[in-house]
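Now for the letters of each chain:
Number of protein chains: 2
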Amino acid sequence: MKKKYLLAPGPTPVPERALLAMAAPMIHHRTPQFSAIFREAADLLKYVFQTQQDVLILAASGTGAMEGSIVNLYSPGDEVIVVNGGKFGERWGKISEAYGLKVHWITVEWGKAVDPAVIKKALDENPNVKGVLVQASETSTTAAHPIKELAALTKDRNCLLIVDGITAVGVFDLPMDEWGIDVLVSGSQKAFMLPPGLAFAALSEKAWKFQETAKCPKFYFDFKKERKNLKDNTTAYTPAVSLITGLREALMQIKEEGLENVFKRHDRLARATKAAAAALDLKLLAPESPSNAATGVFVPEGVDGGKLVKYLRDEMGVTLAGGQDHLKGKILRIAHLGYVDTFDILTSIAAIEIAFNKFGHKVPYGKGVGAAQEILAEGYK
Amino acid sequence: MKKKYLLAPGPTPVPERALLAMAAPMIHHRTPQFSAIFREAADLLKYVFQTQQDVLILAASGTGAMEGSIVNLYSPGDEVIVVNGGKFGERWGKISEAYGLKVHWITVEWGKAVDPAVIKKALDENPNVKGVLVQASETSTTAAHPIKELAALTKDRNCLLIVDGITAVGVFDLPMDEWGIDVLVSGSQKAFMLPPGLAFAALSEKAWKFQETAKCPKFYFDFKKERKNLKDNTTAYTPAVSLITGLREALMQIKEEGLENVFKRHDRLARATKAAAAALDLKLLAPESPSNAATGVFVPEGVDGGKLVKYLRDEMGVTLAGGQDHLKGKILRIAHLGYVDTFDILTSIAAIEIAFNKFGHKVPYGKGVGAAQEILAEGYK
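Line order of the protein sequences matches chains B and R. All residue numbers for the first sequence refer to our numbering, where the first residue is 1 and numbers rise by one. All residue numbers for the second sequence refer to our numbering, where the first residue is 1001 and numbers rise by one.
Hints listed in this document are in silico derivations from the structure and should not be mistaken for laboratory results. The structure presented is a predicted model; accordingly, all values stated were derived computationally and were not measured. The reader is advised that the hints may include incorrect statements.
Partial selection, computed: residues in chain R whose CB lies under 10 Å from chain B [said to hold, decoys possible]: (1) 1016; (2) 1211; (3) 1234; (4) 1246.
Glycine included, every Cβ here is placed at the ideal spot set by N, Cα and C.
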């Protein structure tokens, strides 16, 4: 017997009530029955996105919503600034270049957040720049970029702030309307606690203005068409019926917990993990500006991170994430996002302690676990 | 109590075993466990597509695979012939125009199949045409186009035959490699008996040659990148894990029944429905070249088709499809595709008989049902 524990930064565990909702017999998508489910999900999405704007629901991975954010707002030749501080920052630039935009790359060391002063300088020096593309949470490095500060820079310019919130929305506070984020995208398999297959995008009024003149070609990811269909409680093309049925259920669970409490829970899990890392002398990957979506730690010297992740998964049933690209084999990422609570975090830390000892890196059992418990106890009356 | 019966041409009913497979706890997509599921599904897809080529699996509706078929094979300014004999034929043209292709529209009356001689003439007159875009089964009109004959026309030209098989693959015989179809696309919520959210595309060697020089912009629907990832048992972007887990299960069910038997079943269901239509004096929408995906019949004079569909759905629990665009309120479409058998068809016909009588169009009870039974009895030893 080996029970499975999923603690990767997406896909994340799906609550039982959402799994069961998705296992219901199929219904047709052009019916009042489905429209009611769709409307409820669309309204609850606005709550989680903290916006009065429509949140579009696309049948795609999160990358589809990223592509849509570019092709619906820009024309070939338009200039944008891309914050490249990890694998997903790089993706913003690759999509932009695929559609003929001119990219000003701002490279940030993996694990670091971008300095708003650098963006301000780039904006001042390049007055034609029409967009700043950034991650709220860069999943590959577990760092968070300063979105509020960046929004203040783009607010009064002819420039949009386009934010990949794929591992940020529903994880930490990111009030779209209040801060002046122009585009916010996310995906179902993260804090939304669902299987992958749905992408979301919300646009500010300023962004919808840009949409009117954008000339990049598009068809499947046509935001204007989707907004029109959304008002009729449907999508332009056949919606992913079962995932949207699960979405309503998962969003209801978020609403019941309350967004504030959801943020507090993620924060507590992240702090507990960092306390455990400190107790176990593990160096953080993003110590200065960590995202509450996941905590990245460097694997101790002498331990092969790739083998460690495989051992944890295949021998212990605990799926964590390793590193990508040049961090491959060097880090562990312990996720906090979604349907994750006290004992999931304790499980991951206990498993790491056991695995370290098995790999010859001796640590006292319970040291990391105990440090995490100190903080996790806050969650109980 | 009102039980529900889904007989629309997509989404179609999902077999219990696939529903249960999709309700399993989430697993991470970059693991040997998921790769094994993915590989099995990808191999079984080749069986159903009747091809030796890879079948790409995309997280999207079928329209996404249609868009991919254009942006991966053509450049702005390229000329294509579009067979526009219904809502989905029109979509081929709209996507092509969105990406700057020059479209030669061949308009076909709704319910009719295209005449191959018309396509031959158009190809002869326009030697620069690099593609013929057509539906194997035009869902909006229940007509089938002559794919084998069209493939013979494109085979020896510098021109691809691109076939929307969304309601055709797994419904009737469409041997991709044998006939020389260059691109064949489909979607999960049709004969694949799954919820919507997955699209499929297979390309001939000739099509992959076109891919090398195609200049339309693309990122999310990048077929070359997907083919490379498929060989590593994965997808370029996060795959729709639960749907692919269900896909393997549904494809195993198709394999167990045997593709030949699947085709025979759909043919029997279609013939039975047509026999019932004849017994009830209902005029067929596509009498000359009907698709076995669904049978379209004109609603009798004096009966409001829109109200009829609503009555069947809301009062009787039987979801059929009405007409789209100018056929709205004028037709009924009774689907045969997917997880549909004898008693589903008898249910739909019995329900129509009851609804007709309720709507004042008097028909003898059991007349259509009996005519269908005569044919459906063939399915039993």
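Hint check results:
1. 1016: With Cβ-Cβ at 9 Å, under 10 Å, it holds.
2. 1211: With a minimum Cβ separation of about 15 Å from chain B (threshold 10 Å), the hint on residue 1211 of chain R is violated.
3. 1234: Not OK, violated: residue 1234 of chain R not within 10 Å of chain B, min 12 Å.
4. 1246: With Cβ-Cβ at 9 Å, under 10 Å, it holds.
Checked against the numbered hints given earlier, the structure breaks hints 2, 3 and satisfies all the rest.
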